[in-house]
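Asker: Sequence:
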Amino acid sequence: MRDKSRSVPISEKIIAVMLCKGDLSDEDLDAEPCSTAELFRFATTRHKVLFSIGILCAAITGLLMPINQILSGLVANVYLTQPNAEGDSDVLAAVMRVVYIYAAGTVVQLVLNFIQQHLLLTVTNSVVDKLRREYVSAVLRLDAESFDATSPGKLSAELSENIDKIRDGLGEKFALVVRSTGIFLFSIIAAFVYNWKVSLVLLPLGPLGAVVTGLSGKFSARSIKQQMDTSARGASLIEESVMNVKTVAACNGQEDMVKRYRFILEELIALGSRVGLINGFFEGLMFFVIYVFALLSLLWGVPDTFTDGGFSAYSVIVAFGSIMMGAYFLGLLGPHMMTLLKARTAAAVIYKTIDKAATLDFPSDEKVARLRGGIEFRDVRFKYATRDIMVLQGLSWSARSGQAVAFAGHSGCGKSTSIGLLTKLYEKCGGEIFVDGKDIADYDRQTLRKNIGMVSQEPCLFNGTIRENILLGRKWEGKGTTDQRMVEAAAIAQAASFIQKLEYGYDAILGEGGISLSGGQKQRIAIARAIFMDPSILILDEATSALDVQSERLVQAALNEASVGRTTITIAHRLSTLKEMDVIYVVDKGVVIEQGTHEQLLTMGGMYSKMAEKQSLGMEENKKPPNPIDEETKVALQRIRSTRSSIANSKIYPVDTNEKTPVIAAPARNSSFLRIYTHGHLSKILPALIFSSLRGFEIPMYTLLMNLLYSALNSTKEQYWSSLTVLLCTSFGVGVYAWIMVTLACYFTGKASESVIATIKERILSRVLHRNAEYFDNPETSNATIVNDINQQPGALLAGLDSRAFLFIWCSTTTIVCDIAALAMCWQMGLIAVAATVLLLIGVSLLFVLLTGLTEQQARVDRSAELALEIFAQTRTIQIMAVEKYFKDKYTESQEAVKPIQRKAVIVQSIIWALSTGAIFLFGLISFGFGAPLVYTGALTGQQLFIVDIAIELSAWALAFINPTFPDLVRANAAARILFSYYDLPEPMDDGNSTTQLSGAFAVRNVTFAYPSRPEQKVARSLAISAQAGDSIALVGPSGCGKSTLISLFERYYDQQEGTIKFDGIDHRQIAARHLRTQIALVGQEPVLFQGSIAENVLLGTRGLTIENVREACCMSNAASFIENLPQGYDTEVGAKGRSLSGGQKQRIAIARALVRNPKILLLDEATSALDGESERIVQEAIAKASVGRTSVSIAHRLATIKNATRIYFIEDGSVVESGNHEELIQLNGKYASYVKAQCLESN
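Quick note on my numbering: the sequence shown kicks off at 53 and runs consecutively.
Among the hints, a few may not be true.
In silico EDC-like links for lysine to aspartate or glutamate, alpha-carbon gap of 16 Å or less [said to hold, decoys possible]: (1) K937 / E908; (2) K435 / E484; (3) K404 / E138; (4) K404 / D634.
DEER-style ranges, computed between Cβ atoms [stated by the list, open to error]: (5) E529 / A949: 21 to 31 Å; (6) G525 / L738: 47 to 57 Å; (7) E90 / R439: 27 to 37 Å; (8) K553 / E529: 29 to 39 Å.
FYI, nobody ran anything at the bench for these hints, they're computed from the structure.
These numbers come from a predicted model, not from an experiment.
Each residue gets a CB set at the ideal place from its N, CA and C atoms; glycine is no exception.
Build the full structure now, drawing on both the sequences and the hints.
Answerer: Now the structure itself:
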């Protein structure tokens, strides 16, 4: 924390204000803006040299701008001293010499501007890419406590939004700051050379302008930081709602999520309006100050020309024109300095994360020493930083090298927490932990984690092939090849059989989170990944919880064999999986209360024995011989014992790149950013458009000022004062006009931009959350892609609405008004000016189209944002497996894929920049080159040529001011195409109209279904089940047989291709989906909680319920006891994904969320898989009571939970092969009976 009592010297305060830092002693921001030099922290020496050359080019172009004023003054002086220039060849020759200088200046400007832009953009892209990599690398090194305080969505938004701000600040905006500053300084020098008296009056303008600009930064810094924080909260909500869209839909929580998002967006609108008002007020004030000082300089300078020994009229024109131009550029510094301030603030936020991880080691590919695997915990104490409760209160246990130990106990007792300490995700609060007799603190994370293999309760798979998920960039260094070892690991995990059935085998792409696989299949691949590297320590945290009985038995036997020679730590609620353990530790309230073998603990009659009884385990299990292990597993286990031998004839299916998997078509992306000015948004934007356009009349008024100045200087001593009086009054009036217009334009632009973007984002979220699951199966509209698009693209779209659009509009107005003025004063020169403007705009527009195409191509190729989100979401898994370098390299590869397109885009942007900024000298060349002959022929006077030239050059200045907005508008155009593809999604329309209250009876008849992304693979084949109201139905079968698919059909995530599903005799497609989901409640296999309080999670999607309903539901789900022991009770924040709770606690809250709805049908997809025996028993009793008057459909691998079901359906390959109650199926002695025997259940 910063010491707020520190006394800040007045000099430091003044400097801070002038540098847009604000009074930092009064700020309490999470990150103070870093210095400008710090923006280049990750730039190489080569980058710094190239960037310096680019900045030098910007400074030189800044030097050339005052020369433009000098040249214009030279022409004016020629005509002032030779008022009768008609037919005077000497006058024509003198002017043409100036024209030649303009021609040379045009060439130099074009070349320097191209070099400047190309170098700056190239370096910026490289530095930003490096910064992205460093940030991802830093996140991969953060400890678990840092993740408990944030969320993947927030990290992703922090990266994308802040990096975009840094990119803006480092690119052409930085050059504009340098060039504008250079123009101001060189203008002052030129003015002093030509007329020091006028310059002396204008000299205070520089420091005063810096103070005004700095005040803008001071007053807006806090609001800008609040915008960043609020935006990050919104991004986090988008991430959790879209990534878990099925859970949101099942709870009818779409509107709740949209409402939460709306509150965040309303905060952003208020902040945007405030920042716009502050910036507009001070920017307008700057222009007012400029015109007031112009008034004072003219009041001093013009009379001086009529005194003996005074300065010439020519010197006044040059000095006044130079300093006005310099001051004007100083006034335009405001938005660019604000961009730089945002970049510095954004960099500080990014660096904060990077610096936090700087002291932590990053795993490399170096081979580490193999540990023996001995582990000892001595009186270990621990509590989470986010909670005050001590989770471990003196935990002590040990495991010898090669020993198999297990933990049993109620949910939340500290079992998984001890694993977090062993893997160094967390640091203990007290006690000692030893590995191979050495304090764990003496091990670096790499050495420790590369010796550990872990399979967690919720399997984590990555978007990619099965091969990539098992290997994760690792190579097998034992006997045999890497591929052979991979297939061995898959065989041990019982995954090889289903993998080889896939069309592409090990090269089949899984999709995000392994979405194309069942829970059991994902778990088996996770097990294969864990044992691939033959770890010294194998941790199984509910590793078989998602497996069916047969697979669990085989995998458990295989794991038992694979445990030979390594230490194995197992956490399981299903006690039948612990029979072979050498030692079982029973943990309660953070301490070990019992220990021994399975047999010993049963005879003790203590907590373990009671847990076993409640799971219906009995001594009969020892009398039944185990079913034989299949040959594939035997062979794999034999290889384990003999330190691996090769696999002959292993079949690995290659990817056929010519075949494409059918996907659901994504909406066409053919909109431009101009659409934001329609579709009901015009009323919000109209005030900003009006005042931005009115602002555009200010620069043409400068033409009037120069005309009045020329007239005053061309008058006699007796007559000049009347012209000067009009000039002074006009100057003051223009200053007031500019102040008012700029303030109002910025305020309404800030408000309108945030308001319109908020409306678009809110509608997109609503549209997306109401899509069915089929929509997300398309890779172009996958969950991660949508999250990235909603969070990242609106920032780019803002360019079409915010200060950049305001700049574009007023400069366009200026160009039009100046060209009209030129036409009015001299139609010949006016036509030439209009033609030049049109040709330039056509050329730039064509390049704009080309750049838009390149930008869209880059957006299609660039997958780095989606990969970053995946990395952030699964960082813990990545850390435990010590594969951080693999994912960092993968992220780098995703960046390299877009480099060729990026380089082409830089060239096009550089040409656009060069043409637009070079137009200033070009238009001067055209103006005097065509105008001088007209004066020679008598078609124009010298004064008319001078004024027309000013109008034409001001038109060129306006085009140059627009120039920085072109790249942003290109990005806005690309972003609009993406965002409006979601915006244009049809309004959610329920094809059902029935809202009949259901009794709970249903019938599934001959249902056939295949996922739209895999139409050739039938998941359900003539599936038929039925239930009467109040029945308890159970679905049993191997993983991937179609059980969870049936749940998806019930919830209307998908619709079947054939057959019918009827509730109370009504086709489920005729029932309104929202109404149907009020009658059905789902508790899924992997509990999903959202950021917010426990009460908010339970009440998600409900209407009219109170906290009493929440308490009642939590009591039924056995959650009330632990919730009410928390300091904040039902108001306890659960964190991202419920991270502050244990797996069992999350599951019980999810069950409470289902029960609070009082559904007619209760869908339980492994609803108690994460619960310990005691909690499971109580919850099962609660569910049994809650099932009175309602139908329940349970999917369970733990068969003790479904013994009392009215009817049990055994499903295999998408069809029912057996059905009946428990006793009937036992007597049938078929597939179900074999499952019962495998779990050693009492079958009466």
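Asker: A separate judgement is required for each hint: does it hold in the structure or not?
Answerer: Status of the hints after comparison with the structure:
1. K937 / E908: 30 Å, violated
2. K435 / E484: Holds, at roughly 15 Å.
3. K404 / E138: The given pair, whose Cα atoms are some 69 Å apart, is violated under the 16 Å limit.
4. K404 / D634: 46 Å, violated
5. E529 / A949: 21 to 31 Å: Between E529 and A949, where Cβ atoms are some 30 Å apart, the hint holds.
6. G525 / L738: 47 to 57 Å: For G525 and L738 the Cβ distance comes to about 55 Å; the hint holds.
7. E90 / R439: 27 to 37 Å: 36 Å, holds
8. K553 / E529: 29 to 39 Å: 30 Å, holds
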